[in-house]
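The primary structure of each chain is shown beneath.
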Amino acid sequence: MDWINAIVQGILLGGLYALFAAGLSLMFGVMRFVNIAHGDFIVMAAYGALLAVTFTGVHPLLSMIVVVPGLALMGYFGQRILLNRTLGDDILPPLLVTFGFSIIIQNVLLEVFSADSQKLQAGALETASIQIAEGLNIGLMPLLIFLSALGVIGGLQAFFYRTSLGRVLRATSDDQDTVRLMGADNAKIFGYATAIASAVVGIAGVYLAMRTNFDPSVGPARLLFAFEAVIIGGLGNLWGTLAGGIILGVAQTIGAQIDPGLQILAGHIAFLIVLVVKPQGLFPKMKG
Amino acid sequence: MPEPILQTKGLEAFYGDFQALFGIDFEIHEGETIAIIGSNGAGKSTFLRSITGMLKTQGQDIQFLGKPVGGATAHSLVKQGLAMVPEGRKLFPSLTVEENLMIGAYGRSGSDWTLETIYDLFPILKERRHHGGTELSGGQQQMVAIGRGLMSNPKLLLCDEISLGLAPIIIKDIYEAVPKIKATGATMIVVEQDINQALAVADRVYCFQEGRVSLTGTPTTLTKDEISAAYFGLEAEGAQ
Ligand SMILES: Nc1ncnc2c1ncn2[C@@H]1O[C@H](COP(=O)(O)OP(=O)(O)O)[C@@H](O)[C@H]1O
Ligand SMILES: [Mg+2]
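Residue numbers (the numbering used here), protein chains in the order written: chain A, 1 to 288; chain B, 1 to 240.
By construction, these hints were calculated from the structure, which means they are not laboratory data.
Be careful, since some hints might not be right.
The following label-pair restraints were derived from C-beta to C-beta distances [unchecked claim]:
1. B:ASP203 to A:TYR161: 41 to 47 Å
2. A:THR86 to B:GLU176: 45 to 51 Å
3. A:GLY123 to B:GLY88: 55 to 61 Å
SDA-like mimics (lysine to any residue), calculated; alpha carbons at most 20 Å apart, straight line [stated by the list, open to error]:
4. B:LYS79 to A:LEU165
5. A:LYS188 to A:SER164
6. A:LYS188 to B:THR114
7. B:LYS56 to A:ASN84
8. B:LYS79 to A:ALA187
9. B:LYS79 to A:GLN176
10. B:LYS56 to A:LEU87
11. A:LYS188 to A:ILE81
12. A:LYS188 to A:THR86
13. B:LYS155 to B:THR114
14. B:LYS56 to A:ASP175
The beta carbon of each residue, even a glycine, is placed where N, CA and C say it ideally should be.
All chains, full assembly: derive it from the sequences and hints.
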C-alpha cells in the first residue's frame, strides 16, 4: 500500500509541476524561446499572493483574482516593451535578458521580503483529505491542484484548437514569418502568448505558496522541474507536458519512498533516462 | 486611365550589402492580370516580398489603392487588401487544410470569399479538409495556399510560382481557377518561370533580369526573340 500511496501522491504532485511547466511550454512553443526567469516569476506570483492575503485577509485561493490578471498584464507589457526587442535570429539575447531578470527578481524579493521562508495558510483545506482505502488518503489540496492543472491544460488546449487567436498562435509556432502574410502582427501575438503563459504562472505561484514553503531563492529549482516536465512530455505538446509533470512527480515520490534523500535525484534520473531513450520527449508535437 | 491599383517607382531592395532590385518601375490596374517572368535569381520573389512589406521598404515610392505604403508592415497591408501566395506554398504543417484556409481570414478586409466558395473553386479540398495541410499532394497544397490567400478577400492577389514543381496536368487544373478568381473582381500578379503559361493568362508581362525590368509588353505584341533576349540576357542591353 505504501507504494501505491507513493504513486498516487506522485501523480497529484505532477499536477503542480505541470502548472509550473505549462507557461514555459507555451512560450517555447509559440516564440521558440526559453524564459530562464520562469521559476522566479512563479515565486514572484507567490509573493504577490502573500501580499494580497496579508493586506486583505482573504483566503489564499481568492488571491488569484488579483494575481492572475496582474501577472497576465505584466507578461503582455513585458513582452511588448522588452522581450520582443530581444527576439531575432540569434537565440542568445533572450536567454541573457531573462537570466538577468532572474537575478534581479531574486534580489528585489530578498530586499523587500528578506530570506525568511514563507507559506500561505489555507486553513481547513490543508488538512482535509479523502480516504480511498485503508492507508491511502488523498489530500484535498493536492487534489485541487491536480484538478486545476487538468482544467488549465484542457482550457488551453480548447483555446488553441477552437479559437481564431489559438489557431494563429499555432501557426506562429510553425512559421512566424508566414503568419505576417495572414495579417497577424508578430509583436502582438507574442504579447498575447506571454500574457496567457503568465496567467498560468500566476495560478502556479498561488498554489506554490499554499502547498510548500518558499523564499526568494527557490525559483531556479521550479524552472528546472518545469523544464524537465516539458522535455519529458515533448516540446510543444501541452498534454505531453502534463504527462511529463506526472512522470516527474511519480519518480520523485517513488524515490522518496526508497529513501527520503532520493526524492529530487530520482526525478532528475527519470528525466535523464527519457532524454537518452527518447530525446524528442515521449509525446512529440502532434499534427493538426 | 484610372489610377493604378499598385505602383512602384524606382523600387530598390537589399539583402545586407547585396542589392537585389535596381529601380523597378511597375504598375497594375484594377482587373488586370500581370505576369512577371524571369530566370532564377532575377529578383521576382524579392519584388513581391517588397510590396507585401515582408522586406523593409522605408522611404520607397510604393502606392497601393492610391495611398503611399512604403514602409508599411506586412500585416497592415493584408488588412488593406493585399494577399500573397508565397513561393513554396508555406502552409502551416500543424494546421488542417480547413484551418489553413480559415487562418487566411484572420486579417480579412471584406467578406466575399468563404470556406464554401473556396471549396466550390477547388472541390477536392472539401474532401480533404480535415487532413494536415502538408499531407496533401503538391498540387492540392498549392490549391490550399491559393485559397488561403483568397480568404482575406484581397483586392490584389500575388502568386509566386504557383506551378513550380507540379506536373503539367496539375498546373492546368490550378490555372483553370484563375479566370474564376478574376471574375470575382480580384486583380492578380503571377510570377512564373514558365513563359508559355505566363503569356496564356496575362494581360501584360514584365520580364525581370538581374534586378531590373528588362522588357514589358502585352502577350500579343511581344515576339519570341524579344522575350528570350530579355529572359536569358542574350543581347540584353538595349532590349528595353
Ligand atoms: N534571403 C536572402 N538573402 C540574400 N540574398 C537573397 C535572399 N533571397 C534572395 N536573394 C538573392 O536575391 C536575388 C533575387 O532573388 P529572388 O528574388 O529570390 O529571385 P527569383 O524569385 O526571381 O528567383 C538572387 O541573387 C538571390 O540570390
Ligand atoms: Mg522566386
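Status of the hints after comparison with the structure:
no. : hint                             : result
1   : B:ASP203 to A:TYR161: 41 to 47 Å : 43 Å, holds
2   : A:THR86 to B:GLU176: 45 to 51 Å  : 48 Å, holds
3   : A:GLY123 to B:GLY88: 55 to 61 Å  : 60 Å, holds
4   : B:LYS79 to A:LEU165              : 16 Å, holds
5   : A:LYS188 to A:SER164             : 14 Å, holds
6   : A:LYS188 to B:THR114             : 26 Å, violated
7   : B:LYS56 to A:ASN84               : 18 Å, holds
8   : B:LYS79 to A:ALA187              : 16 Å, holds
9   : B:LYS79 to A:GLN176              : 18 Å, holds
10  : B:LYS56 to A:LEU87               : 17 Å, holds
11  : A:LYS188 to A:ILE81              : 11 Å, holds
12  : A:LYS188 to A:THR86              : 15 Å, holds
13  : B:LYS155 to B:THR114             : 15 Å, holds
14  : B:LYS56 to A:ASP175              : 19 Å, holds
In summary, the one numbered hint that this structure violates is 6.
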